[in-house]
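*Asks:* One letter stands for each residue in the lines below.
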Amino acid sequence: MLYIKAVQKSFDGFMAVNGANLSVDKGEIVAVIGPNGAGKTTLFSLITGQLKPDSGEIIFKNENIAGLPPYAICRKGISRSFQVVNIFNRLTVFENVQAAVLSHQKKVLNLFSPAKNMAVKETEELLESVGLTDKADSISGLLSHGDQKVLEMAIALGNRPELLILDEPTAGMSPEETAVSIDLIRRLSRELGLTILFCEHDIALVFSISHKIMVMQQGQTIIQGKPDEVRENKQVQEAYLGGAN
Amino acid sequence: MFYGLLTRKSLGVLLSVFIIFLILPLFLPRFYIYLLALILITGLLATSLNMVLGYGGMYQFHHAVFYGAGAYTFALMLTKTKLPVWNAFLAAPVIAGLLGLLIGIICIRLSKLYFGMLQISLGSLVWAIVFRWYSFTGGDDGIHGCSVPEIASVNESYYFTVFVTAICLILMYLIINSPFGRIFQAIRDNPERSEAVGVNVRLHQLIGLVIAAFFAGIAGSLFVVVEGCVFPDLMFWTLSLEILIMCLLGGWFTFLGPMLGAAIIVSLRTFVGIYTEYWTLILGIVLMLLILFLPEGVLGYFQKTFKLKAE
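Residue numbers (full-length UniProt numbering), protein chains in the order written: chain U, 1 to 245; chain X, 1 to 311.
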């Protein structure tokens, strides 16, 4: 479904991503791991268009999407959440998710019918499935950090993506919140058949839910494979797992 | 169309306000009626600015140029052509909107402050052309004696202004509460995220700017109806600053805040202006107090207080 070939991106001479390769098949949960500064977030931003790659190919459903603007990539079926909470602060939780649903339904240029009555059912279903129903009318900027991270995910789901990209979905969450989120990710993959690409620091968690893991270091792909293969790889043990296994 | 947007109670309040506006000329002296018309026009202009400023989060620093474009288009149509007057009413907002499109296309690539600064320079360019082109625009003399015979008296022009302003406010309210307006507010809060949910942010902002310019053009034509003249000051940047202050003063996250701000500033100018030509001194003090004590504006403050009490 998604193939990344030799993608490069540099900032002022610093190679943030230097030859990353990745393939994601339909229905898989794929994790990207690596130490801080390995280029995981940059790679995600290259896929979803916030950044443009210097070279390399990003093929989504047999089409090169490298360099397209973010809105165009989103319309092709890739949604993402952000590592640092990135929501519509002054809008309510409901309106946050509704914005994405309206965008997905191509109603953003509708000028005269009240938005209040549009996409209500879809939005409420989404809030229900992530467990934010009782906070629907709260101003999103005032929510707790954990709730905001969940909202992040709900907004990304509002576009009914085929590929969902989650950038550290549980960063800063309490252990309980993390467990709920992981459960949610599993459920989304199973029930909606979503393909999920995510990155995460919690190694135990990564190995427990991923079908495939890609390890990055200094902008390069070290290895990509099933959790067992990755665990046994010498280079990974030295570079990242610190020989702990 | 209004279903779900207004409660029965607020609809009642709005209707009574409208009726009060209609019967006011029976009691008030002509000067006050003229002043009210001026407030409504300026308020309409400020509300149109607030669509992009408060709801769209764009630094629209030279909105007056679209107001002036509407006013000049209207005046020129009346004086230089023999077309029926409704053509002029149609042309004013359309030309203002087209100017908005032109300036917008150039500015929209820049974000935030740079957008505003480029807009000021382009707007000032338009002003300079109008100011200098004596043969066409009358230069710094402006154009005089371009009243519309059917609605030339104070009361007639007042009623006309009330009706047109009401219609424009309703339309703008609908737009702000439409999916377009909702997404516009989402862009204000977070352009990056909006882009990531599939919104073409630049296009959306450009459309918003054109709509705002369109309504500013209507306000411009109303000004000519009431005053019967146009002059280059209508598109000078100081007026842009003034209406920006009206939005901040009234409350730029509220719909009617800019209208209230316009009422405060226009009355201040009129009544304090009688005693001293340095009325802007008072305005300066009011502004400082505002920033210190009411950062959300007057109406924003009241809304917040009442919400807290209600909870």
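Hints in this document: simulated from the structure, not taken from any laboratory.
Treat the hints with caution; some may be incorrect.
[Said to hold, decoys possible] DMTMM-like mimics (lysine to aspartate or glutamate), calculated; alpha carbons at most 25 Å apart, straight line:
| # | chain 1 | residue 1 | chain 2 | residue 2 |
| --- | --- | --- | --- | --- |
| 1 | U | Lys121 | U | Asp147 |
| 2 | U | Lys107 | U | Asp137 |
| 3 | U | Lys76 | X | Glu192 |
| 4 | X | Lys304 | U | Glu162 |
| 5 | U | Lys106 | X | Asp189 |
| 6 | X | Lys304 | U | Asp134 |
| 7 | U | Lys52 | X | Asp189 |
| 8 | U | Lys116 | X | Asp140 |
| 9 | U | Lys107 | U | Asp25 |
| 10 | U | Lys107 | X | Glu192 |
| 11 | U | Lys106 | X | Glu296 |
| 12 | U | Lys107 | X | Glu277 |
All values reported here derive from a predicted model rather than from experimental measurement.
*Asks:* For every hint, state whether the structure bears it out.
*Replies:* Against the structure, the hints come out as follows:
1. U:Lys121 - U:Asp147: Within the cut-off at roughly 21 Å; holds.
2. U:Lys107 - U:Asp137: holds, 22 Å
3. U:Lys76 - X:Glu192: holds, 18 Å
4. X:Lys304 - U:Glu162: Status violated; Cα separation ~41 Å.
5. U:Lys106 - X:Asp189: holds, 20 Å
6. X:Lys304 - U:Asp134: Within the cut-off at roughly 23 Å; holds.
7. U:Lys52 - X:Asp189: Judged against 25 Å, a Cα distance of about 24 Å means the pair holds.
8. U:Lys116 - X:Asp140: violated, 48 Å
9. U:Lys107 - U:Asp25: violated, 31 Å
10. U:Lys107 - X:Glu192: Given that 25 Å is the threshold and the Cα spacing comes to 19 Å, the pair holds.
11. U:Lys106 - X:Glu296: Cα-Cα ~33 Å, so violated.
12. U:Lys107 - X:Glu277: Cα-Cα ~51 Å, so violated.
Comparing the model with each numbered hint stated earlier shows that hints 4, 8, 9, 11, 12 do not hold.
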